[in-house]
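Trainee: With the hints as constraints, model all of the structure from the sequences given.
Those protein sequences? They're chains H and E, same order as listed. Those letters in the first sequence? Residues 366 to 496, by my numbering. Those letters in the second sequence? Residues 25 to 161, by my numbering.
One thing to keep in mind: the hints can contain errors.
As the list claims (entries may be wrong) - Anything over 10 Å on all C-beta distances counts as not near chain E; from chain H, calculated:
| no. | residue |
| --- | --- |
| 1 | 381 |
| 2 | 404 |
| 3 | 418 |
| 4 | 425 |
| 5 | 438 |
| 6 | 449 |
| 7 | 475 |
| 8 | 484 |
| 9 | 490 |
To be verified - Taking lysine to aspartate or glutamate pairs in the DMTMM-like style, the calculated list, with each CA pair at most 20 Å apart, reads:
| no. | chain 1 | residue 1 | chain 2 | residue 2 |
| --- | --- | --- | --- | --- |
| 10 | E | 60 | H | 392 |
| 11 | E | 60 | E | 83 |
| 12 | E | 60 | H | 395 |
| 13 | E | 60 | H | 389 |
| 14 | H | 484 | E | 97 |
| 15 | E | 26 | H | 486 |
| 16 | E | 43 | E | 71 |
| 17 | E | 26 | H | 426 |
| 18 | H | 383 | H | 422 |
| 19 | H | 383 | H | 395 |
| 20 | E | 60 | E | 71 |
| 21 | H | 383 | H | 426 |
| 22 | E | 59 | H | 475 |
| 23 | H | 484 | H | 392 |
| 24 | E | 26 | E | 137 |
| 25 | E | 59 | E | 83 |
| 26 | E | 60 | E | 40 |
| 27 | H | 383 | H | 486 |
| 28 | E | 59 | H | 389 |
| 29 | E | 59 | E | 116 |
| 30 | H | 484 | H | 395 |
| 31 | E | 59 | H | 486 |
| 32 | H | 383 | H | 428 |
| 33 | H | 383 | H | 416 |
| 34 | H | 484 | E | 71 |
| 35 | E | 59 | H | 390 |
| 36 | E | 26 | E | 71 |
| 37 | E | 59 | E | 36 |
| 38 | E | 43 | E | 129 |
| 39 | E | 26 | H | 395 |
| 40 | E | 60 | H | 390 |
Hint data in this document are derived by calculation from the structure and do not stem from the laboratory. These numbers were taken from a predicted model, which means no experiment stands behind them. The C-beta atom is built at its ideal place from N, Cα and C for all residues, glycine as well.
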Amino acid sequence: MPTMADNPGASPVSLLHKLLLVDDEADGAEFVAALLRSHGMAVTVVHSASEALRALEQEPDIDAVLSDIMMPGMTGLELANAIRAMHPAVRIVLMSGYEIPEPLRDRERDYPFIEKPYKMDTLLAALRRAA
Amino acid sequence: MKYALVLESNSETCNDTAKLVASMGYLVTPVFSPKKALHAAHMIQFDLIVTCTAAMPGDRRSLTGELARCSPDALLLFVEGPETEAANGQFEGVNRIIKRPVLAENLRNAINDGVDKLPPPLLPRWLTRERRRRAVD
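Mentor: In structure tokens form, the structure reads like this:
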């Protein structure tokens with residue numbers, strides 16, 4: 366699609382090489398990935414936490430993870446904690462369209478959090494902040 | 025950088041409209057169905073939404089109303105064709121109506137006029153939980 370390519374005005378998030386986007390909502394994830402790619406980022410999309418952990422093992426150049434919180438199986442927060450333990454240099458940003466359950470609220474502050482739907486500028490700022 | 029969502033059911037028309045919008049400085053997400061449009065809108069708040077339909081098949085909700093709620097700061101343009109004129113422009117959340125075929129000048133004028141005169145959102149902003157409950161999946 367030519368409309369998302371050739372965007373000379375886009376400014377990539379500084380020092381970000383490859384982003385792993387984790388969301389069980391496949392369509393939405395692909396739309397966000399396309400926009401991030403137009404900002405010059407390499408983006409890998411997966412739809413579960415287990416796929417995300419595999420991708421991190423297989424693609425060592427991933428240096429940031431953007432993950433939904435509410436997913437079947439392992440939640441985004443559990444995934445974030447696992448990533449922090451195994452890949453401490455990887456930046457992590459969490460997102461959700463749901464109200465965050467009370468027990469997660471304190472822990473969620475360990476990671477930048479954005480609420481869906483978000484402005485792309487908010488997402489890019491969160492990725493910078495996660496450094 | 026500004027972001028636009030273009031919904032046209034015809035892929036060729038969608039690409040043409042998307043190119044026009046992109047030429048005006050927007051990064052465009054083109055979609056061909058109301059369901060895909062909602063999926064995009066539930067992830068991203070757009071600055072401009074161009075849609076050829078206000079309805080969602082099999083759903084009583086107003087598509088344009090839902091899009092407007094998800095992107096409360098967006099300018100929402102409705103592309104009116106012969107099949108939608110009967111509604112007489114009464115579409116929830118729509119800021120401007122443009123006629124087919126979508127021409128660069130008409131689109132530019134609608135965007136410029138619309139952005140200048142964009143009123144504050146009149147629609148209620150749903151709580152996050154409520155908004156998600158209403159999502160089409």
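Trainee: If a hint holds in the structure, say so; if it doesn't, say that too.
Mentor: Outcome of the hint check:
1. Consistency note on residue 381 of chain H: stated as away from chain E, and its beta-carbon is indeed over 10 Å from all of that chain's, at 16 Å minimum.
2. For residue 404 of chain H, the shortest C-beta to C-beta distance to chain E comes to about 8 Å, within the 10 Å cut-off, and the non-interface label is violated.
3. With a closest Cβ-Cβ approach of about 23 Å to chain E, residue 418 of chain H is found to remain outside the 10 Å limit, as its non-interface label requires.
4. In this structure residue 425 of chain H is separated from chain E by more than 10 Å, as the shortest Cβ-Cβ distance comes to about 27 Å.
5. Non-interface status of residue 438 of chain H relative to chain E is upheld: no Cβ of that chain comes within 10 Å, the nearest being about 18 Å off.
6. The beta carbon of residue 449 of chain H sits about 24 Å from the closest Cβ of chain E, which is more than 10 Å, so the claim that it is off the interface holds.
7. No Cβ of chain E comes within 10 Å of the Cβ of residue 475 of chain H; the nearest lies about 21 Å off, and the non-interface call holds.
8. Not every CB of chain E lies more than 10 Å from the CB of residue 484 of chain H, the least distance being 5 Å, so the non-interface label is violated.
9. Look at residue 490 of chain H: its CB is around 13 Å from the nearest CB on chain E, clear of 10 Å, so calling it non-interface holds up.
10. As the CA atoms of residue 60 of chain E and residue 392 of chain H are separated by approximately 7 Å, the hinted pair is consistent with the 20 Å bound.
11. About 14 Å separates the Cα atoms of residue 60 of chain E and residue 83 of chain E, which keeps this hinted pair within 20 Å; it holds.
12. Using a Cα cut-off of 20 Å, the hinted pair residue 60 of chain E and residue 395 of chain H holds, with the two alpha carbons roughly 11 Å apart.
13. Using a Cα cut-off of 20 Å, the hinted pair residue 60 of chain E and residue 389 of chain H holds, with the two alpha carbons roughly 15 Å apart.
14. Proximity of residue 484 of chain H to residue 97 of chain E is assessed by CA-CA distance (about 10 Å); at most 20 Å being required, the pair is judged to hold.
15. Restraint check for residue 26 of chain E and residue 486 of chain H: the C-alpha separation of about 9 Å stays at or below 20 Å, so the hint holds.
16. For the hint linking residue 43 of chain E to residue 71 of chain E, the alpha-carbon distance of about 16 Å falls within 20 Å, and the restraint holds.
17. Distance check on the hinted pair: residue 26 of chain E and residue 426 of chain H sit about 29 Å apart at the alpha-carbon level, beyond 20 Å; violated.
18. A threshold of 20 Å between alpha carbons decides the hint, and for residue 383 of chain H with residue 422 of chain H the separation of about 14 Å falls inside it, so the pair holds.
19. Among the hinted pairs, residue 383 of chain H with residue 395 of chain H is consistent with the structure: their alpha-carbon atoms are about 15 Å apart, no more than 20 Å.
20. Distance check on the hinted pair: residue 60 of chain E and residue 71 of chain E sit about 17 Å apart at the alpha-carbon level, within 20 Å; holds.
21. A hinted pair counts as satisfied when its Cα atoms are at most 20 Å apart, and residue 383 of chain H with residue 426 of chain H qualifies at roughly 6 Å.
22. The suggested pairing of residue 59 of chain E with residue 475 of chain H is violated, with an alpha-carbon distance near 34 Å, which exceeds 20 Å.
23. Among the hinted pairs, residue 484 of chain H with residue 392 of chain H is consistent with the structure: their alpha-carbon atoms are about 17 Å apart, no more than 20 Å.
24. In summary, the hint linking residue 26 of chain E to residue 137 of chain E is supported, as the alpha carbons are separated by about 17 Å, within the 20 Å threshold.
25. A distance of roughly 10 Å separates the Cα atoms of residue 59 of chain E and residue 83 of chain E; the hinted pair therefore holds under the 20 Å criterion.
26. Restraint check for residue 60 of chain E and residue 40 of chain E: the C-alpha separation of about 18 Å stays at or below 20 Å, so the hint holds.
27. Restraint check: the Cα-Cα separation between residue 383 of chain H and residue 486 of chain H comes to about 18 Å, which is no more than 20 Å; the hinted pair holds.
28. Simply put, residue 59 of chain E and residue 389 of chain H have alpha-carbon atoms about 16 Å apart, close enough for the 20 Å limit, and the pair holds.
29. A threshold of 20 Å between alpha carbons decides the hint, and for residue 59 of chain E with residue 116 of chain E the separation of about 17 Å falls inside it, so the pair holds.
30. A hinted pair counts as satisfied when its Cα atoms are at most 20 Å apart, and residue 484 of chain H with residue 395 of chain H qualifies at roughly 16 Å.
31. Simply put, residue 59 of chain E and residue 486 of chain H have alpha-carbon atoms about 24 Å apart, too far for the 20 Å limit, and the pair is violated.
32. Only pairs whose Cα atoms come within 20 Å are accepted, and residue 383 of chain H paired with residue 428 of chain H is accepted, the gap being roughly 6 Å.
33. At most 20 Å may separate the alpha-carbon atoms for a hinted pair to count; residue 383 of chain H and residue 416 of chain H meet this at roughly 16 Å.
34. Annotation: proposed proximity of residue 484 of chain H to residue 71 of chain E holds, straight-line Cα distance about 9 Å (limit 20 Å).
35. For a cut-off of 20 Å, the pair hint linking residue 59 of chain E to residue 390 of chain H stands: about 12 Å separates their Cα positions.
36. The straight-line distance between the Cα atoms of residue 26 of chain E and residue 71 of chain E is roughly 6 Å, inside the 20 Å bound, and the hint therefore holds.
37. Taking the CA atoms of residue 59 of chain E and residue 36 of chain E, the gap is about 19 Å. The hint holds against a cut of 20 Å.
38. Our distance criterion of 20 Å between C-alpha atoms is met by residue 43 of chain E and residue 129 of chain E, whose separation comes to about 13 Å.
39. Between residue 26 of chain E and residue 395 of chain H, the direct Cα distance comes to roughly 18 Å. Compliance with the 20 Å bound is thereby established for this hinted pair.
40. For the suggested pair residue 60 of chain E and residue 390 of chain H, the alpha carbons sit about 11 Å apart, so the restraint of at most 20 Å is met.
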